[in-house]
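Model the full structure from these sequences, guided by the hints.
Number of protein chains: 4
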Amino acid sequence: SPHHSPSTSARSNPPTFSMALSVEKTASGREYKVKDLSQADFGRLELELAEVEMPGLMACRAEFGPSQPFKGARISGSLHMTIQTAVLIETLTALGAEVRWCSCNIFSTQDHAAAAIARDSAAVFAWKGETLEEYWWCTERCLDWGAGGGPDLIVDDGGDATLLIHEGVKAEEEFERSGKVPDPASTDNPEFKIVLTIIRDGLKTDARKYRKMKERLVGVSEETTTGVKRLYQMQESGTLLFPAINVNDSVTKSKFDNLYGCRHSLPDGLMRATDVMIAGKVAVVCGYGDVGKGCAAALKQAGARVIVTEIDPICALQALMEGIQILTLEDVVSDADIFVTTTGNKDIIMVDHMRKMKNNAIVCNIGHFDNEIDMNGLETYPGVKRITIKPQTDRWVFPETNTGIIVLAEGRLMNLGCATGHPSFVMSCSFTNQVIAQLELWKEKATGKYEKKVYVLPKHLDEKVAALHLGKLGARLTKLTKAQSEYISIPVEGPYKPAAYRY
Amino acid sequence: SPHHSPSTSARSNPPTFSMALSVEKTASGREYKVKDLSQADFGRLELELAEVEMPGLMACRAEFGPSQPFKGARISGSLHMTIQTAVLIETLTALGAEVRWCSCNIFSTQDHAAAAIARDSAAVFAWKGETLEEYWWCTERCLDWGAGGGPDLIVDDGGDATLLIHEGVKAEEEFERSGKVPDPASTDNPEFKIVLTIIRDGLKTDARKYRKMKERLVGVSEETTTGVKRLYQMQESGTLLFPAINVNDSVTKSKFDNLYGCRHSLPDGLMRATDVMIAGKVAVVCGYGDVGKGCAAALKQAGARVIVTEIDPICALQALMEGIQILTLEDVVSDADIFVTTTGNKDIIMVDHMRKMKNNAIVCNIGHFDNEIDMNGLETYPGVKRITIKPQTDRWVFPETNTGIIVLAEGRLMNLGCATGHPSFVMSCSFTNQVIAQLELWKEKATGKYEKKVYVLPKHLDEKVAALHLGKLGARLTKLTKAQSEYISIPVEGPYKPAAYRY
Amino acid sequence: SPHHSPSTSARSNPPTFSMALSVEKTASGREYKVKDLSQADFGRLELELAEVEMPGLMACRAEFGPSQPFKGARISGSLHMTIQTAVLIETLTALGAEVRWCSCNIFSTQDHAAAAIARDSAAVFAWKGETLEEYWWCTERCLDWGAGGGPDLIVDDGGDATLLIHEGVKAEEEFERSGKVPDPASTDNPEFKIVLTIIRDGLKTDARKYRKMKERLVGVSEETTTGVKRLYQMQESGTLLFPAINVNDSVTKSKFDNLYGCRHSLPDGLMRATDVMIAGKVAVVCGYGDVGKGCAAALKQAGARVIVTEIDPICALQALMEGIQILTLEDVVSDADIFVTTTGNKDIIMVDHMRKMKNNAIVCNIGHFDNEIDMNGLETYPGVKRITIKPQTDRWVFPETNTGIIVLAEGRLMNLGCATGHPSFVMSCSFTNQVIAQLELWKEKATGKYEKKVYVLPKHLDEKVAALHLGKLGARLTKLTKAQSEYISIPVEGPYKPAAYRY
Amino acid sequence: SPHHSPSTSARSNPPTFSMALSVEKTASGREYKVKDLSQADFGRLELELAEVEMPGLMACRAEFGPSQPFKGARISGSLHMTIQTAVLIETLTALGAEVRWCSCNIFSTQDHAAAAIARDSAAVFAWKGETLEEYWWCTERCLDWGAGGGPDLIVDDGGDATLLIHEGVKAEEEFERSGKVPDPASTDNPEFKIVLTIIRDGLKTDARKYRKMKERLVGVSEETTTGVKRLYQMQESGTLLFPAINVNDSVTKSKFDNLYGCRHSLPDGLMRATDVMIAGKVAVVCGYGDVGKGCAAALKQAGARVIVTEIDPICALQALMEGIQILTLEDVVSDADIFVTTTGNKDIIMVDHMRKMKNNAIVCNIGHFDNEIDMNGLETYPGVKRITIKPQTDRWVFPETNTGIIVLAEGRLMNLGCATGHPSFVMSCSFTNQVIAQLELWKEKATGKYEKKVYVLPKHLDEKVAALHLGKLGARLTKLTKAQSEYISIPVEGPYKPAAYRY
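Order-wise, the sequence lines are chains L, E, A and D. Under my numbering, residues 24 to 526 are what the first sequence spells out, in order. Under my numbering, residues 24 to 526 are what the second sequence spells out, in order. Under my numbering, residues 24 to 526 are what the third sequence spells out, in order. Under my numbering, residues 24 to 526 are what the fourth sequence spells out, in order.
Please note that the accuracy of each hint is not assured.
As the list makes no split between identical chains, a pair holds if one copy fits it or if it spans any two.
As the list claims (entries may be wrong) - Straight-line alpha carbon distances no greater than 30 Å define the calculated DSSO-like cross-link-like pairs of lysine-lysine that follow:
| hint | residue 1 | residue 2 |
| --- | --- | --- |
| 1 | Lys476 | Lys520 |
| 2 | Lys482 | Lys520 |
| 3 | Lys505 | Lys476 |
| 4 | Lys58 | Lys502 |
| 5 | Lys505 | Lys48 |
| 6 | Lys468 | Lys413 |
| 7 | Lys520 | Lys94 |
| 8 | Lys381 | Lys502 |
| 9 | Lys413 | Lys495 |
| 10 | Lys235 | Lys408 |
It is worth saying that the hints were derived from the structure and are not from the lab.
As structure tokens, then:
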């Protein structure tokens, strides 16, 4: 599974393992597995605060709640189990859905959010600090709705839920064809070993498990760049098994969540993890896409001198226009104080870079997968010493120099690992797109409107998401007059821009 | 011609006129009409400075000059006759073209630039402060290559050259059909009166003049949003007469020229026209597209408190995320000190707004056409008094209050009317796209690759334009490794982004 | 004691109390009282990180450590017991001092820092979340060096240690004069009740206790604006009992710690306490001194629309020049989302303001004392309901509207209550001034150089503090040539500016 | 006169000269010498615009005009003869003064402003592009009120008027003592040769001319850092001949004019002189005082990458906290695109630096005197070629490399030489201080309040200046309550800060 390799890391995992986890049940019989259900009250309080900051989701409840459009729909979500996600989940349930949920990152769960949802609203399998085995166990639990099979709809973030089904179906077909069961030993990739183990074990109990899921599935809505990239690859290779809506490329997602969300959460993560003064420091941001732009802006505004590395000359020129220097990592590796990867690519900061860094240079990743930083190279570096300052903040000391670097969240999403991710308001934009995408898939489930392809939401829905968030900020929009509307050939009610408009 | 109405304004023109302008000739026999040929030396000096700032154009000369790809091509350009455009013209001639040029705005010519080009390189018909009759006379001169007919290629900005040919063809066909000649009296639009007069007079000497032009024409490359909008409207209505390349929507044009160009030139125009302190002022920017974003950024950075008006909720939400208030013009008309229109729409600031403004509020437009500000309403306001402080800076005093407002460049493009437009470096990005578009049209003239439609340049050429501008700024790009390239399924040499990527 | 009233708050305290706290001892016999000594290892790890970020303090250790200038000196400190302060303490001990310490704010202690210091270096009496009785007990413990009396030197922050001695001496003199003991019932001020109780109890055991302290005391160095104000008031009224060095007004303190420290720690506190998205919000900063400037800059850069309230027209004009609106609190109380007090004055945000705020408006204080926000008015508001979201984050719901506001750190210093205060680097500037001030007082203890007055450090020491922090940031200073030095009449080695220079 | 050497430059002047300039007279008999009196109407229009932007001066007219406090006072001013200064002059005359004026820089006069004042209000001797002989002739004319002697008051900027009197008195005393007349040949400094010539010629007609001036003089108010430095040097050496008020160090001058004025006028000058795109460029600012801070902020906001050179570690650390790199000029001389000197020192950019710069690097000075850039070294560099692009914009080409640099305003104040200096609003702050200082000197002329020393205005007047500028910007100040006032021991009406407060 080449497209899976990115998220692979067996670092903290033993070579063999067993799935000895047990599902718990609420008084009402709903399944869950969370860290501490007693945190539910605290989660509920923060959930209530978040609701005030998430006008898009609350507007969905007001508009669609009465008609219960998700009545009868089973939704499985694999997406950071945070307070904001909790408001999304309860929006889905308020619209009639039944929901099962897991996190899409081993460090991103907020345990009080998980507790509140598990107690009050949906089946949750998620806690902060899962092992990779636990992570995939949670994913599998999330997708498994019991004897009746799988979900009707998936909310995915990074594509792991989608991947498990695709890999499961592939294995089942192979098994049917050749009797061959998946062999975890067939791969060097330790995370993929786990996936194969789960599928193999699944095969033993039901050789059509994932195919049944696929057959039931109406579609998936995918949250993030990385997951979207996987979907387009599958679309191109003709292996995509169900329709997909690319939520990431809604303007109100990628140009808000990725940009302004990271502008908020990068310094938040840095501060919570290290308390380091950003002003005066030299900070290297690898990549100047939306995420990189947000990170660079935040660091610059906090008083750092920012240097960007880029492969794309257009993005590089954008950085230059903002006064940001474009260099290669090699040029600056010994001079910088803070390194942030945002590329969506792999092998960005290698152990050989890390060896050359200043003492206590901070190295972190805010891209979806954890392979931007060569954690494997670091962990296996001869004589390297790991000193855990606190969870998700480790100092790694090299034997030659006796100097160290500080790695956040073990190379995973530092804003979710070290802080609380993106704030509610911007997630409300993203998640309102999710709700709209799920509604659209569900409404059209029988019409054939959506084929096994990747779709983006139409412009007018994108604009609607934005409009739902203006009132909270006291904005007053101007209305086109009829004459103006005719003059520029744009309807008074929009959409206001051509599809290719870049914002 | 409804799509033409935007640029119409007969304000400073008498109802009747005659084309008594005479073409002059250089020693070598090349035609021209400029203000003062003796400014050619000064123009040449500034041209030489600009060349150092326009690495994209100079790279085109180096790469393509030797093979003379434009050998035999006639290029007519209607685009602000500035120093930067002069470097574009001499790039086209360096690649083998013969060139005729006019400006696309009555105030935008830099007379020393026109003089240098007229003397040294191409036929120029342009001066700062044309009347509208003069303007259209220049346009017609620019398109008329003598007996042999018209140009092979057009570089257009706003679409007036394209419009003249389309209207001419329409009139000739009508004349052939019905014997009817265009009647300037048939329209209330004073500028369109002039267009019809020119076409009528042309008909008298050659009833196939514009059709011959059309037949020869290989295509047009269009520079700006407004012209592009016209082209798409013609494409939709099936009336487009030749292929068009939309240069405006190259990323390296619209996300650079429109954004960073205006960020530079808006304060420049304000300062040269009024010397007003921007810090501390309340500035209203109407529209938050690329141009509006550049203007708002410039004003904010200069210490103004910026308020934006928008119809589009997405752009409005972007402004809010930058701490910019979104209100309607009515909300703030009495409180603000500076008003800038950037919408591409009409009727943005009406005389009724202007009456309510603070004494000496500054009102200006940086959109392509001059109908964003209700100049007609202002000029015909009973008892209004116009006091010209200096050219392109007028104070208009209302009789009721005896307070005045300051209008820049008579409501036309203030950055070109009051300052020198966009700086060379960013124009090098735009104009390198123009050169590439012209090369492409010319290369494919016989292949049928381009139909009578509107095209954008492919991503890899857009990236090439950016790449040509990095060295000047000392940037060092990172190279993808082969493994990374495979992992993200992007060629090592690009293009690096999907077509819909928003930057 | 009118100058004490600011810090008064009996809110969470019963009217009567007893000092039933017990001192603990390390194996080596050093006294302490901290929350959890087992956190010492964690504290040590963070201390080691902080050392790398505090080049000024480390330079002091390198320069002065060998000569042990504090040999024989007893230093008592009343200053937020954080990781950064721990590095200060260990710098003092590295220079030969014996140290006792307490925090100057009930919420500002970092328990792991306190633990590390208590275990390894000095006598500490501090924990996060002290009651006011505990707070003053700690202060008294910090000042009491046993039979031998008090400290030789005090490091004070806000002036509570200084106040206790002054009040103690006053009471002893009154007692000697009239036999009258301090009567806690004589004051309405609940915190001052506690102070009087402590002094009264002290009188019972030693009627010269505070006078002996005063006699021994060489001087105090004071950290912050508020404490400095108290000292100048005492200087003016002739009641100051020992020399004082005003560290706050070193440029490298007030223009760095107050400004850049708050620019860092205000958003940090907001994010940790509420996770609220700052972008798009309306934020009101009360006061535009150094602290207010830092707060406003941080909020603006994070994308908020900032409004400042000011009494001082000069500071107001500075804000306007940065595009920040100046209004009164009344003008904006119903529209804003975030309120921050930075004034050093009292009664800034009253309960009557809070009642009119938007639901979930955030109200916090970053000024030294907790009387900027009318917590008393809030707590005693009829029917008000307090919901503790988490420690230091409370939602207060008004009965009329059933809407609530969110108050951080109970109105106390939110950056220390909700986050970890200022980062190490900027504290290194402040604390290097402290070390230098303490060295200066101690060196001159017998020379009479310092009278019972308030002094600032000379410019060249201020510049030295800055210079010690440049290397860490990779800066390379320019050197004056001899000719330049003569031309501007400034020594090559500085000081480079006249005393009144404002930076 | 060692302290004079800074402003010396004989570059464009012949070694010998004669004062063959003739004074002209208005119909009313007032003397003047300006470039073109017919520009008076244009000047008047811009003056009227400026009045709206200068609320402080207009408030002075309203408050003090009726009582004519300057009745009988002769004021001589040596200060850039711009539109803003014209409003100052007419404020002085509106308060009853008679005024004579010259510019304090050979390039800084705006000829239309000079014309309007010469025609309507005061005796003016100033034009843009004076030779140094003309410059000193103008200064002498400005000080010479005819038979009755000199002025009662001086408004000085840089101290040249003050210097002429001091040098004159010195020469007269020497002549009285020894019969020795000043010998222009005694100095190598070409500008000082001119000064000595003027004084020598004066001696011939009246051997007590400058002493009579001195005796009449009530005092001087000095505008700028450089002039103030001279005054303090004279105060220290006991040679100051009359009282002086240091206007520069009013907060509302140095922290506004120097900072926000330059933030406005530096990019303005760069754009008008070169049209260069600032975004993406590397800009070096020499010096990070108030002027340097303003310049660096402007360049950074325009998208340049800014590097600062500093001698002062405190200012350097301030730059670092804003993300600005601190290097030496040598470190960056070959990499930067724009160089700005702001130091008030000499020999900052030497010809040896200039030789190493990139082709078309821009070199300019915004400090008061023209000796920051080694113009002499440049002009005398063997084989160097000067190409004047336009007035005040020269390209200097070095023979070895055939590459050139662009020098603005011949190394003099580029914002006044290439643009129009600081905008009206911020000059209103500065000049309101001037009016208040002049009023104060005049009011106390007979009281002995002011000795032959340098004074700053008291804080409450500084605050008043600020207050006069708030209304124009729509600000609403908060009022202290009586309780608050007592609590912080600050009067309700201010002053609000201690004298040493740094803002």
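Checked hints:
no.: 1; hint: Lys476 <-> Lys520; result: both (24 Å within a copy, 20 Å between copies)
no.: 2; hint: Lys482 <-> Lys520; result: both (8 Å within a copy, 21 Å between copies)
no.: 3; hint: Lys505 <-> Lys476; result: between (38 Å within a copy, 28 Å between copies)
no.: 4; hint: Lys58 <-> Lys502; result: neither (50 Å within a copy, 44 Å between copies)
no.: 5; hint: Lys505 <-> Lys48; result: neither (59 Å within a copy, 49 Å between copies)
no.: 6; hint: Lys468 <-> Lys413; result: neither (48 Å within a copy, 43 Å between copies)
no.: 7; hint: Lys520 <-> Lys94; result: neither (34 Å within a copy, 39 Å between copies)
no.: 8; hint: Lys381 <-> Lys502; result: between (55 Å within a copy, 24 Å between copies)
no.: 9; hint: Lys413 <-> Lys495; result: between (37 Å within a copy, 25 Å between copies)
no.: 10; hint: Lys235 <-> Lys408; result: neither (48 Å within a copy, 52 Å between copies)
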